[in-house]
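So the sequence lines, in the order shown, correspond to chains E and L. For the first sequence, position 75 (counting from the first letter as 1) is numbered 75 according to full-length UniProt numbering, and the numbering increases by one without interruption. For the second sequence, position 256 (counting from the first letter as 1) is numbered 256 according to full-length UniProt numbering, and the numbering increases by one without interruption.
Hints may contain errors.
To be verified - Below are the DSS-like pairs computed for lysine-lysine, each with C-alpha atoms no more than 27 Å apart in a straight line:
#  : chain 1 : residue 1 : chain 2 : residue 2
1  : L       : K440      : E       : K237
2  : E       : K237      : L       : K411
3  : E       : K299      : L       : K463
4  : L       : K463      : L       : K201
5  : E       : K264      : L       : K174
6  : L       : K412      : E       : K237
7  : L       : K174      : E       : K237
8  : E       : K237      : L       : K463
9  : E       : K264      : L       : K463
10 : E       : K237      : L       : K201
11 : L       : K440      : E       : K264
As the list claims (entries may be wrong) - Rough simulated footprint, nothing fancy, chain L against chain E, three-plus residues with beta-carbon under 8 Å:
#  : stretch
12 : 229-235
13 : 238-250
14 : 253-263
If you are wondering where the hints come from, they were derived from the structure by calculation, not from laboratory data. Note that the coordinates shown come from a computational prediction; the quantities given were computed from them, not determined experimentally. Heads up, the beta-carbon is just placed ideally off N, CA and C, and yes, glycines get one too.
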Amino acid sequence: MMASPTPGLTAALRGVSKTLRRTSGQPLEQHFQTLRLGPAAVVPGRRRCMATETIETTRSDQPGAPANAKSDDRPQRAPSNTDLLQRYNFPKHARPLPVSRSYFCRTPTFTDRYIKIHKLSVAYDHLPRNSLQHAERVSWKSLDDVKQSFAEPVKATDYADCLRLIKVLHRILPSLCPPEVTEALQDFRRDTQDNRNVANPIPVDPHGRALGVGRRKSSTASAFVVEGDGQVLVNGKSLVDYFGRVHDRESAIWALHSTDRISKYNVWARVQGGGTTGQAEALTLAIAKALITHEPALKPALRRAGCITRDPRTVERKKHGHVKARKSPTWVKR
Amino acid sequence: MPAPNCLRCLARPPPGLATPVPRTAAAASPLLNRPAATPIGTRTRAHAAPFSTTPAPAGPPVKPATPVGSGGHNRVGKKLKLGKFKTDRAAERSKVPLPGERKAYRKRITLSNDNALPVPWLADLTPSSLADPANTATVMGLPDSLQDQLRASDAFKPSQSWGMFRKPAVLVRKETVDLVNRMQDAADKKQTLRLVVTGDKVTGKSMLLLQAMAHAYLNNWIVIHLPEGQDLTTACTEYSPLADTDPVQYSQPVYVFKLIQAIKKANENLLSKMYTAVGHPGLPQSITANTSLLTLANVAKEPDAAWPVFRALWHELTHRSVARPPILFTLDGLSHITRVSDYRSPAFELIHSYDLALLRLFTDGLGGSLRLPWGGAVLAATSRSNAPRSPSMELALAQREAEQLQREVPKKDPFFRGYDERAEASLRSVQVLPVGGIDKVEARGLMEYWAASGMLRATVDNKSVSEKWTLAGNGVLGEMERASLLTMRV
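With these hints in hand, go ahead and build the complete structure from the sequences.
In structure tokens, the structure reads:
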């Protein structure tokens with residue numbers, strides 16, 4: 001009986017005084033038995049409600065408790081109400097209480113979930129958990145996201161604590177994780193999971209070519225890299241014909257140069273857009289990506305050589321009142 | 001010592017000078033440093049041009065001499081002087097190079113560098129070494145006498161980096177061996193090799209021509225080299241119509257005069273041992289039979305006689321009755337001559353390059369209508385850096401190359417009018433030698449030579465060789481040089 005949900009019990013206790021008043025003359029056991037939980041006390045789905053209604057246990061059409069009450073029919077010698085109230089220290093008046101304690105706060109949506117997560121973490125503390133490395137990587141909502149999605153002000157400390165519990169719950173082994181935990185955590189996941197955003201692996205096609213694409217400034221380069229002896233063709237021209245500066249030529253094959261692979265691969269590339277520097281550096285990235293397909297172990301070396309990260313710098317836009325992005329017009333006296 | 005300027009001009013007294021400088025005083029000091037002798041408004045300069053007649057522009061202005069005996073009654077009033085606080089820039093500037101000095105500096109050819117290390121294993125070229133395939137991918141030095149001959153015939157170019165090494169040396173490539181063997185075959189069979197060396201920029205076309213000349217000199221051929229086709233067609237040398245020619249041909253006396261001097265200097269040994277087969281009475285100095293060809297060449301004492309002497313020399317060299325050595329006739333910068341030249345006829349019509357007599361001789365040789373009875377080769381090299389568009393030449397070379405490789409022959413564009421029939425005709429049956437990048441073995445040989453000379457301060461291994469080879473667009477020689485020698489990497 002006591003394992004039944006607490007809201008039912010509290011609701012029952014709330015209605016006790018009224019019941020006592022109505023069933024004056026009944027023995028105490030009888031009173032208590034009428035206080036047993038009926039289905040009406042626990043209304044599923046009603047969470048934020050004032051428990052002002054009393055439980056109609058005495059009515060004959062009630063299926064549960066009245067039946068018990070009728071079976072225990074005893075002689076009608078009963079102490080007065082005041083005696084009982086005094087003896088058992090019952091409150092004189094029923095005080096309406098909310099179903100959830102979040103009724104009293106400004107953040108009911110969040111607090112409800114917080115309470116639930118707290119209970120779940122207590123309830124499933126015994127379940128085995130993954131280590132941190134092996135748990136699925138999930139991006140949880142930030143404080144701002146939570147405030148926005150629940151449309152409530154949320155305290156940072158509360159959310160920090162909540163997030164701590166969430167992370168603990170999240171580490172429960174997926175095979176043993178109860179569905180209600182999964183469901184409860186769902187509200188705190190971000191809508192877009194950047195960890196799941198894995199780049200598609202570049203295949204090496206049946207001819208042994210790997211296609212990498214790189215960008216820099218407004219240039220785009222796509223490079224086919226095959227095993228070979230160090231020949232490079234850019235837009236159908238040799239490296240010297242395409243890039244006049246020695247520096248640009250070096251930039252273009254920097255990925256191969258820095259990993260000592262110049263004599264091992266041939267490159268056939270198409271470049272478009274931008275100027276010579278942009279095209280050369282777009283080629284660096286394109287060749288590096290294609291090279292990683294052939295030899296994935298080269299990735300750290302290439303990252304150290306600066307061939308992995310796309311340079312995000314582009315031309316700054318022109319501003320009004322300026323001659324260029326930053327340049328001010330010449331100062332003229334009057 | 002001749003006076004640097006026209007003395008009479010400088011000795012003329014300035015207009016403001018009442019009493020003229022006595023003529024004798026001016027003549028006594030040939031350098032004429034006296035400011036009084038300078039005309040008003042001109043400026044003197046410490047170093048006058050040795051052959052300039054114009055007044056020198058630089059130097060501090062000289063104040064006009066105070067009129068002597070004028071009594072000072074015509075006082076000059078106040079004059080407006082603009083920018084009087086500005087310092088005279090010309091006075092501050094240091095010595096200005098003499099006229100022609102800059103060009104001489106630009107065009108100078110340095111063949112050695114004392115700071116470069118001598119390479120102990122560098123072997124000199126021998127008469128047979130360029131034809132030997134075993135020498136492929138090795139660098140070989142040019143012997144001193146050969147250097148003189150090549151220098152006399154203008155085979156070295158200022159853009160080639162001879163000045164980086166202790167002594168001039170060349171890389172023997174596969175193409176070199178191929179070309180030299182073809183030349184030697186033709187000479188042995190008393191045939192004429194007609195060949196055009198073509199290829200991308202800085203792939204070594206002129207250098208291949210130089211190697212062909214080196215082989216010819218070492219094997220006692222007669223070499224006639226026209227170092228730039230441009231010199232003959234851009235109307236920068238004198239020309240005159242030749243009598244008894246129809247259509248009219250034009251000779252270029254000054255150029256031919258210099259050419260004869262170069263031929264004489266480069267082939268002196270050979271020419272002095274050969275003797276004329278027939279007499280040449282029409283020349284300024286009558287030449288009888290059995291005179292040495294050097295004497296014949298020496299007849300050209302001035303440009304006017306140059307063309308007849310050249311004709312006579314050519315006649316002697318290609319005379320069938322006497323045994324003569326093979327001839328190598330070369331020209332660099334072919335696209336300049338396969339088009340209409342910048343010269344104009346008396347009717348102010350443009351003259352085709354093939355109507356210039358010297359070029360006519362060359363193109364006849366290249367086209368096959370002129371045979372060398374004692375064998376030899378007529379070689380031309382294209383140029384990519386300084387070359388006007390010559391669509392017929394490009395098309396003809398592409399066609400010949402496709403024919404050699406038995407590929408589909410490119411066709412003429414029927415809607416294009418810029419083709420030149422005469423150029424096409426002369427290139428109809430030539431051989432084409434395409435020159436591309438060197439292979440990695442050759443690149444390694446070259447880089448080892450650079451490293452041994454102390455010019456390349458890096459380990460020469462497979463990694464560095466293939467790096468430079470790729471950076472140079474699959475072994476383009478000039479680009480390899482640019483990527484490894486001409487960039488400062490410390």
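Status of the hints after comparison with the structure:
| no. | hint | verdict |
| --- | --- | --- |
| 1 | L:K440 / E:K237 | holds (20 Å) |
| 2 | E:K237 / L:K411 | holds (23 Å) |
| 3 | E:K299 / L:K463 | holds (20 Å) |
| 4 | L:K463 / L:K201 | holds (25 Å) |
| 5 | E:K264 / L:K174 | holds (24 Å) |
| 6 | L:K412 / E:K237 | holds (24 Å) |
| 7 | L:K174 / E:K237 | holds (24 Å) |
| 8 | E:K237 / L:K463 | holds (23 Å) |
| 9 | E:K264 / L:K463 | holds (10 Å) |
| 10 | E:K237 / L:K201 | holds (13 Å) |
| 11 | L:K440 / E:K264 | holds (13 Å) |
| 12 | 229-235 | holds (count 4) |
| 13 | 238-250 | holds (count 7) |
| 14 | 253-263 | holds (count 6) |
Checked against the numbered hints above, the structure breaks none of them.
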